[in-house]
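Q: Quick mapping for you: the protein sequence lines, in order, are chains A and B.
Heads up: the first sequence begins at 178 in our numbering, then just goes up one per residue.
Heads up: the second sequence begins at 14 in our numbering, then just goes up one per residue.
Note that these hints are calculated values from the structure, not bench results.
Treat the hints loosely; a few may be bogus.
[To be verified] Part of the chain A face toward chain B, derived, beta carbon under 8 Å: (1) Leu193; (2) Leu200; (3) Arg252; (4) Asn266.
[As the list claims (entries may be wrong)] Which stretches of chain B does chain A cover? Using the computed rule of at least three CB atoms under 8 Å from a CB of chain A, they are: (5) 190–202; (6) 208–215.
A virtual CB, placed ideally from N, CA and C, is assigned to each residue, including glycine.
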Amino acid sequence: MLRVRALSLRYPDGKLALTDFELEVERGELVVVLGGNGSGKSTLLRCITRTLKPTSGEVWLGETNLCTLEGEKLRRARLELAMVWQQANLIRRSSVLSNVASGTLGRYSTFRTVCRGLPATELDAARGHLADVGLAALAEQRAGTLSGGQAQRVAIARALAQRPRVLLADEPVASLDPEASEEIMRLLQRLARSERLAVLCVLHQIELAYAYADRVVGIRNGRIAFNLPRSEVSRDAVRQLYISEAA
Amino acid sequence: MSADIAQAHSNGARGARGWTDAVRLATRFVILLLAIGVAVQTFIVVEARPSDLITGVHGMADLIWRAVPPDFSKLSAAAWPTLQTIDIALFGTFVGIILAVPLALLAAANMTPSRLAYYAARAVIGFTRAVPDLVWALLFVTAVGLGPFPGGLALGVHSVGMLGRLFAETIEQMDMAPIQALQLTGARRIQVFSHGIIPSILPSLLGISLYRLDENIRSSLVLGFVGAGGIGFQLLTAMNLFQYQEVSLLLIIIFVIVLGAERISAALRERLA
């Protein structure tokens, strides 16, 4: 579903952030990316979403190479690519339901959404997604009143409302307590299976990677260190990612 | 030997500290002298004569004596100019908001589509704000004639500058992460504006607008002095005709309008906070 081919990014100062990066994430699969600070994990996600333009390489979403798209074509392609961040990034003064439904805005014309609002079917679907993440009761509440864990679940519901084929998550549990972190990872794993989503998740928590990932990708200095099924990833290989970063 | 060096260092440090203290003291003294100089020159330039206050007491007492009781028989005649005054302020605020929102989007560094649009919008905001509303009123009276319309236009144009700057600052201080998150869902530019930016900043914009309305009501009271309609025009006429009892009635009305607008504006802003 998501294929990254020979992806490289060189910053204007000459520093190589990613070098010939190769990655595939299939539908129904949860892939976790591990690596130290500055290893290129978040840069990888930003290249995939095209908020950064790679220097070379390809990012295929199904049959579409995102690296060749600009403007309206890129916007349309992004409809199928949902993203969850470390912070939930909700519109705090809008309702939870409105935040979730906003994931579908791009599927409708500006006139339709600004003058008449989203169709009732989308609002019903948004309520369904809220139920999926266990927050149906909070639909009418202001997003700014939610706890960190609840807000992150709403962000995931918004991502689902987008009806994406790929879900990217950049340290989605970094600001959550252990219990909420487990909850979010369980949710991502369940959604990968039930919604047949290709989920690519950047994490710092090694134990969570061991518990929930189907595959683990190690990244060091912008290059792939390993790309293995969870059961084949040794503790030593993971430790090396961080040791060599520190050295 | 080393003790001598340490002593020398210590003396040196003490000497440097003493010199710094002396400079600091001298600077404070100069600043104090300057402040006194500025204060004294204001008395000279404004030709302040405190003795005139004492000799003027008699004239002031006579004025107050002739102004009471207020002439409440003129209340119905004052109703229309009062409504005009409030509506001049409302009109000016509405015009200001309508023009200031797009201008603020161009003048906000995080939203502007180009540097050229940014500087052009900032220039318009700066110019409309720099020219006082009374001057705008004089210009519009010349352009469209006497009456409340030039008053409304004057407040509208001046409000564009005042609101535009505050709106732009509000937009610049907005947390952009949720807006970028919405952009990445594939939402179009206007959808991001209507569903992301507006809900995020609407309470602030309303609060600023209410404060502006409060200010505009105060301004609209005096616009009549230059022929731009409202209760100010009636006040000026009553003063010129020595109708002091009518003047006192109009001053009571002005007091009620200002106080009412201030209280209502403050209460609404508190609810929005």
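Q: Give a verdict on every hint.
A: Do the hints match the structure? See the list:
| no. | hint | in the structure |
| --- | --- | --- |
| 1 | Leu193 | violated, 25 Å |
| 2 | Leu200 | violated, 19 Å |
| 3 | Arg252 | holds, 5 Å |
| 4 | Asn266 | holds, 4 Å |
| 5 | 190–202 | holds (count 10) |
| 6 | 208–215 | holds (count 5) |
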